[in-house]
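S.K.: From first to last, the protein sequence lines stand for chains G and U.
The numbering of the first sequence is the numbering used here, which starts it at 1 and goes up by one.
The numbering of the second sequence is the numbering used here, which starts it at 299 and goes up by one.
It should be emphasised that the hints constitute simulated quantities derived from the structure, not laboratory data.
Mixed in with the good hints, there may be bad ones.
Claimed, not checked - Covered, in the sense of this in silico footprint (three residues per stretch, anywhere, with C-beta under 8 Å from a C-beta of chain U), are these stretches of chain G:
#1 60-67
#2 94-103
#3 120-127
#4 151-161
#5 208-219
#6 247-260
#7 273-286
Every residue, glycine too, gets a C-beta built ideally from N, C-alpha and C.
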Amino acid sequence: VTRAAWRDAVRRFGHGGLAFIFVGCAFWALVLIVLPTLLMVDQAFRPYLPRSEWGGPKDIYTARNLVAAVGEPLNQIIFLKTIWASVLVTVLALVNAYPLSFILVRGGRAAWIGAIMIGLLIPFWVNDILKAFAWQILLARFGPINNLLIAVGVLAEPYPFLNLDVGVIVGLIYAYLLFMLFPLYSAMESLDPNQLDAARDLGAPGWRIHWDIVVPHAKPGIASGCIVTFMLAAGSFAVPQILGGTRSLWVTQLIYNQFDAINWNLGAAYGLALVVLCLVFVLTMMSVFRVSLRDIAR
Amino acid sequence: MTAPGRLGRAIVVFYLVVFFVYMFLPLVYMMAVAFNDTRIPTLNPWRGFTLRWFVVMWEDTRMWESVWKSVVIAVWVIVLSVPLGLAGALLMTRLQVAGKPFVYAVLVSPVLTPGIIIGLSTLIFWDTTFDIGGRWHLSVLGQSSFISAYCMLLFMARLQRFDPTLEEAALDLGATPLKMFWTVTLPYMRPAVLSAVALSFFQSFENYNTTVFTIGNDLTFTMFIVGKVRKGVQPDTNALAFVLVVATIAGGIIYEVVRRREVRQAEVRARAAMRAGEAVAIAPAAAR
Chain G
1 VTRAAWRDAV
11 RRFGHGGLAF
21 IFVGCAFWAL
31 VLIVLPTLLM
41 VDQAFRPYLP
51 RSEWGGPKDI
61 YTARNLVAAV
71 GEPLNQIIFL
81 KTIWASVLVT
91 VLALVNAYPL
101 SFILVRGGRA
111 AWIGAIMIGL
121 LIPFWVNDIL
131 KAFAWQILLA
141 RFGPINNLLI
151 AVGVLAEPYP
161 FLNLDVGVIV
171 GLIYAYLLFM
181 LFPLYSAMES
191 LDPNQLDAAR
201 DLGAPGWRIH
211 WDIVVPHAKP
221 GIASGCIVTF
231 MLAAGSFAVP
241 QILGGTRSLW
251 VTQLIYNQFD
261 AINWNLGAAY
271 GLALVVLCLV
281 FVLTMMSVFR
291 VSLRDIAR
Chain U
299 MTAPGRLGRA
309 IVVFYLVVFF
319 VYMFLPLVYM
329 MAVAFNDTRI
339 PTLNPWRGFT
349 LRWFVVMWED
359 TRMWESVWKS
369 VVIAVWVIVL
379 SVPLGLAGAL
389 LMTRLQVAGK
399 PFVYAVLVSP
409 VLTPGIIIGL
419 STLIFWDTTF
429 DIGGRWHLSV
439 LGQSSFISAY
449 CMLLFMARLQ
459 RFDPTLEEAA
469 LDLGATPLKM
479 FWTVTLPYMR
489 PAVLSAVALS
499 FFQSFENYNT
509 TVFTIGNDLT
519 FTMFIVGKVR
529 KGVQPDTNAL
539 AFVLVVATIA
549 GGIIYEVVRR
559 REVRQAEVRA
569 RAAMRAGEAV
579 AIAPAAAR
């Protein structure tokens, strides 16, 4: 910090204003973010002990919790399931949102496009708990989807969607699809239609227009849409709680169950594993699409 | 735009219709069940129109208590998050300090962290270091860590188009920093502040993942709904869902209308201020 810049800052904000800015940011960064995260990591590496034995001879750093969290075969299945299902949700959301936002962007400034985007805000704003509830009704044992499939002759008897992963995945796609659509749409909106027309006039086939023009242009939107959708799916708690059963546990439920059982140390280890998983995904997406944090957090 | 073929057009329209039906039908079905005079949440069979589920829903005192708790939490989140977001945005856009990219990464990291991890780490931190167990106060702190980031991003977007010479002018004319902030910066920020307050309220009110870990034995509205949905026995839950979806739509429309008017007014004010400035600048020259 140069002295001139500092003097200018004091003149502009006053000592009180600067104190507000620095104390506020320090409180937020340290007390609300950094220290809780460090404490969680710290607890993940300590054994589960009653409060009276904290700091005692048994309170040593150990990797036992992490080994238990990641080493247990049942947990491994749940972790892998959460990853592949979240990737599946992300890919399906992208496959649907990409043509949709392209259609909406190409539709031009027609009034009905505006109406559609405002209309889509409604399901976008509705809480994922209610969205999961809507699918709980639809997928119920004697609900409309089972009734329909039986009436058509696809099923002979009701299919237990709600106790299997398929129910959770259906609900996750429905709950988070629009979180892919909106970033994609806003990235494509700034696309110059002349560029597309020029490519077409020069004889480029449709797939080349997309691969060489639309996709590169929409890259920040694709990246942030994928990251947000994946994070929401992998970190979802209400949707698997409502649409899943005991046979379709999600990582988040694994963490919560440890908290219910008051073994916070093991819960923290599960949590740490989930954070690392999400971090790896975010960093991979950022380097594959060459986008920065600023492009994503908007 | 080159005209797509008739078939291509038909496919596009069909796709849009299917997508809309997919997005809305589950919600409509869920809401319609609220009016069916049946004991299980279904439309089939239809046993006649009734409003009794709304009465059952309305008379649940536990629900009202949970709503009140959520409102209290949301108000405290606003009180904490809007100033913190403002402090962060001012630091990021207006001050030259070392390590800004790093601080920025730390401050927006909660946005990219699963909500249950924020809840979990908040609980562990306050419980192990201060022996403060889960209660609604902790939910306020946990939620604020990421809601402040949303506020900061809103403020930053607005501040990036701010003309600092306006502040210069106020200071040159002898305003104290506080007076300058109050009369120049804050009026310019008004639409963003309004958005931040509304966003904070809704983000807090509908939060589940962070709350569920930090709340202890208190009950918030989202937890009340999840509890009801998981038991999932009576259509009074559908009545509640109906009210919530309608409230969501109404809230969205009101927010959008107010925000647009605010932005328009802010522009009018800015233009008026500029004209006044020109008049002041021209006046001495004319007097000469």
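S.K.: Could you work out which of the previously given hints the structure breaks and list their numbers from low to high?
M.R.: Structure breaks hints 1, 4, 5.
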